[in-house]
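A.B. asks: Listed below, chain by chain, are the residues.
2 protein chains.
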Amino acid sequence: MAQLCLPVGLNVTELKQLDSLIQKHRLIQKGRFIYRTGDSFTHLYAIRSGSVKAYTLTSDGQIQMTDFFLLGEIMGLDAIATKRYHSNAVALQTTSICEIPFHQLEQLSLKIPALQQQLFRLMSQEITSEQNLVTWLGRKNAEQRLAAFLLNLSNRYHQRGFSATEFHLSMSRTDIANYLGLAVETVSRILSKLSEQKTIAIDKKFIRILDMDCLHQIVNVGKHDSLPCIAHHA
Amino acid sequence: MAQLCLPVGLNVTELKQLDSLIQKHRLIQKGRFIYRTGDSFTHLYAIRSGSVKAYTLTSDGQIQMTDFFLLGEIMGLDAIATKRYHSNAVALQTTSICEIPFHQLEQLSLKIPALQQQLFRLMSQEITSEQNLVTWLGRKNAEQRLAAFLLNLSNRYHQRGFSATEFHLSMSRTDIANYLGLAVETVSRILSKLSEQKTIAIDKKFIRILDMDCLHQIVNVGKHDSLPCIAHHA
DNA sequence: CGTTATATTGAAAGCAGTCAATAGTCGTGG
DNA sequence: CCACGACTATTGACTGCTTTCAATATAACG
Numbered sequence: 001m002a003q004l005c006l007p008v009g010l011n012v013t014e015l016k017q018l019d020s021l022i023q024k025h026r027l028i029q030k031g032r033f034i035y036r037t038g039d040s041f042t043h044l045y046a047i048r049s050g051s052v053k054a055y056t057l058t059s060d061g062q063i064q065m066t067d068f069f070l071l072g073e074i075m076g077l078d079a080i081a082t083k084r085y086h087s088n089a090v091a092l093q094t095t096s097i098c099e100i101p102f103h104q105l106e107q108l109s110l111k112i113p114a115l116q117q118q119l120f121r122l123m124s125q126e127i128t129s130e131q132n133l134v135t136w137l138g139r140k141n142a143e144q145r146l147a148a149f150l151l152n153l154s155n156r157y158h159q160r161g162f163s164a165t166e167f168h169l170s171m172s173r174t175d176i177a178n179y180l181g182l183a184v185e186t187v188s189r190i191l192s193k194l195s196e197q198k199t200i201a202i203d204k205k206f207i208r209i210l211d212m213d214c215l216h217q218i219v220n221v222g223k224h225d226s227l228p229c230i231a232h233h234a
Numbered sequence: 001m002a003q004l005c006l007p008v009g010l011n012v013t014e015l016k017q018l019d020s021l022i023q024k025h026r027l028i029q030k031g032r033f034i035y036r037t038g039d040s041f042t043h044l045y046a047i048r049s050g051s052v053k054a055y056t057l058t059s060d061g062q063i064q065m066t067d068f069f070l071l072g073e074i075m076g077l078d079a080i081a082t083k084r085y086h087s088n089a090v091a092l093q094t095t096s097i098c099e100i101p102f103h104q105l106e107q108l109s110l111k112i113p114a115l116q117q118q119l120f121r122l123m124s125q126e127i128t129s130e131q132n133l134v135t136w137l138g139r140k141n142a143e144q145r146l147a148a149f150l151l152n153l154s155n156r157y158h159q160r161g162f163s164a165t166e167f168h169l170s171m172s173r174t175d176i177a178n179y180l181g182l183a184v185e186t187v188s189r190i191l192s193k194l195s196e197q198k199t200i201a202i203d204k205k206f207i208r209i210l211d212m213d214c215l216h217q218i219v220n221v222g223k224h225d226s227l228p229c230i231a232h233h234a
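The listed protein sequences derive, respectively, from chains A and B. With our numbering applied, the first sequence covers 1 to 234. With our numbering applied, the second sequence covers 1 to 234.
It is worth saying that the hints were derived from the structure and are not from the lab. Model, not experiment: these values are computed from the prediction. Don't take each hint at face value.
Identical copies go unnamed one by one, so any copy, or any two together, can satisfy a pair.
[As the list claims (entries may be wrong)] Taking lysine-lysine pairs in the DSBU-like style, the calculated list, with each CA pair at most 30 angstroms apart, reads:
| id | residue 1 | residue 2 |
| --- | --- | --- |
| 1 | K30 | K83 |
| 2 | K30 | K205 |
| 3 | K30 | K204 |
| 4 | K198 | K83 |
| 5 | K83 | K111 |
| 6 | K83 | K24 |
| 7 | K16 | K83 |
| 8 | K111 | K16 |
With the hints as constraints, model all of the structure from the sequences given.
C.D. replies: Printed below as a string of structure tokens:
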């Protein structure tokens, strides 16, 4: 169980101790909340299956998508400092999560150095991942943001042993647009365009990446350079 | 010494142990590097005085500003996971830093629960701070990004006991523009505009915030709503 | 099977980027 | 101490990407 929730190189004894912490797991129906902004922070949550979106509300009531969590990823790391969750976490589909009581995890990690290391590593990764996001937004045009988003999902699925080229977009176009700081219409237009030039194929929420190199090229050229990989049409 | 570098509620004995780790401090001249992308990760660095900018290079050689570090802030947290620094850290002025050997800090934090907690807290804060940045970029227009940037600096200086309304912009306009994903010209134009409407006053790199409420209003309205606080001119 | 939410596509407007020219600042060496 | 050159900052004009508004089309849900 612990292996599934918090994969980390521990010996059998240590693993048992961790297991005793992570007993509960819950099934969350689509649209249900795991936690809400301001709730007092008690647990980290690991996704065993399904997916979750996290968003905050601005002072004027607008939604701001902050994260999508996929299988194997940990939610709630940003809440440690303030002891309150900063976002609303909602299941995008029926989702199974592990509940990890943080206080006990903290205690245990004092006794198991490898566990402490893994926690530091996890948090550091999260910082890096947020920094990368910062790098895309604002500095990249709409097409690049979307290409980077698709590649990011592809990598994350691939890491967990799933196909890097075919996967399910569990979030809506509206959510994607919000996450990338674009209008829904722009996301839709660009998906259509990429589909036309055979870089990707889309059937509703199911996506196939046909030309991975092309996506990489799109991401890596400057904001307004334009030598895309479209040697296709006509 | 430790108090200055890693403020945390420890007793005298614990503080001594921490002190013994954090012996060295270095003076870095303006323009000098503290670390570079790819250097192997050995230390965290805390700023005792001065300021530092951190940037990465894109695949096509463009600079991407990722962070500004001010007095009291910790650099290098993103390097823990990969054991390599992810960015280039350069002093913006003559800067004094504490060197904190991370491996030893990790060891010590196994023995001092309060220290471990403080480290978790620090990293969690960093995650939150990056998330906030993500929230601005891409979702806010140029004026809002700049207003948010100024308020952010104001808060950070204020937290450390300095004036919230008057401070030195140690980074260049070019750096600010890059950080916010804007063109230098846009930053310059907006600073001029805010200056004209008496929201701020600028003398070269020295800035005074004259109307803090106005800045907050700018940040908090929607991306294209426009009811600014300009009841000033003529 | 109808109703509502989500997605696609088109046309027009606006914000920010680019290009260009000028002004001001900083550091170095005469 | 001043003068030169290089760098940084400011301001203006124009282009273009992305948003907004509007109209369908398609999918999801009870």
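A.B. asks: It remains to establish, for every hint, whether it holds in the given structure.
C.D. replies: Hints, one by one, checked against the model:
no.	hint	result
1	K30 to K83	within (26 angstroms within a copy, 38 angstroms between copies)
2	K30 to K205	within (16 angstroms within a copy, 51 angstroms between copies)
3	K30 to K204	within (18 angstroms within a copy, 54 angstroms between copies)
4	K198 to K83	neither (47 angstroms within a copy, 39 angstroms between copies)
5	K83 to K111	both (23 angstroms within a copy, 23 angstroms between copies)
6	K83 to K24	within (21 angstroms within a copy, 33 angstroms between copies)
7	K16 to K83	both (27 angstroms within a copy, 28 angstroms between copies)
8	K111 to K16	both (13 angstroms within a copy, 22 angstroms between copies)
Checked against the numbered hints given earlier, this structure breaks only hint 4.
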